[in-house]
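S.K.: Sequence:
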Amino acid sequence: MKRSYFLYFGSNRNKEDVNALLSQYWDIICVAHDNYYCGCYYLYSGFYADRLTVKDNKIAGTEEWLDEDNRHYRTLIEVTFIHGRNADKLNRCEFIKEAFAQLKIAEVIGDKCIEEI
1 MKRSYFLYFG
11 SNRNKEDVNA
21 LLSQYWDIIC
31 VAHDNYYCGC
41 YYLYSGFYAD
51 RLTVKDNKIA
61 GTEEWLDEDN
71 RHYRTLIEVT
81 FIHGRNADKL
91 NRCEFIKEAF
101 AQLKIAEVIG
111 DKCIEEI
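Reminder that position 75 of the sequence shown reads as 75 in my numbering, one-by-one numbering, no gaps.
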């Protein structure tokens, strides 16, 4: 049975600070992208995660929030683990959770595993 893991974090640091910490401590280099809806965001894909996105919670140029229920967080971080062996995906997922907790980068908002038959 194939498993995919998804983490969702909230941070009170701005997205540039989060990006700098990821680069400084784990050599996670996020590339800046621009989106009409959510503005500038950072994206990483590589060894630590299949996809890691760092973006503002508040939609640029508006008074709207991407995640209304978690508007007390300035920055949202989404991390996915979908490729590879289940054990490897789980290990990478646990590493990211521990690493974020140790550096106090962000707090876990969501943590889920989806199993495919």
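Since the hints were made in silico from the structure, they are not lab data.
In this text the structure is predicted, and so the values were computed from the model without any measurement.
You may find that some hints are simply not true.
[Unchecked claim] In the DSS-like style, the derived pairs of lysine-lysine whose C-alpha atoms are separated by at most 27 angstroms in a straight line are: (1) Lys-112 to Lys-97; (2) Lys-58 to Lys-97; (3) Lys-97 to Lys-2.
S.K.: Now look at each hint and say whether the structure bears it out.
M.R.: Now for the hints, and whether the structure bears them out:
A hinted pair counts as satisfied when its Cα atoms are at most 27 angstroms apart, and Lys-112 with Lys-97 qualifies at roughly 12 angstroms. A C-alpha spacing of about 24 angstroms is found between Lys-58 and Lys-97, which places the hinted pair at or below 27 angstroms, so the restraint holds. A hinted pair counts as satisfied when its Cα atoms are at most 27 angstroms apart, and Lys-97 with Lys-2 qualifies at roughly 21 angstroms.
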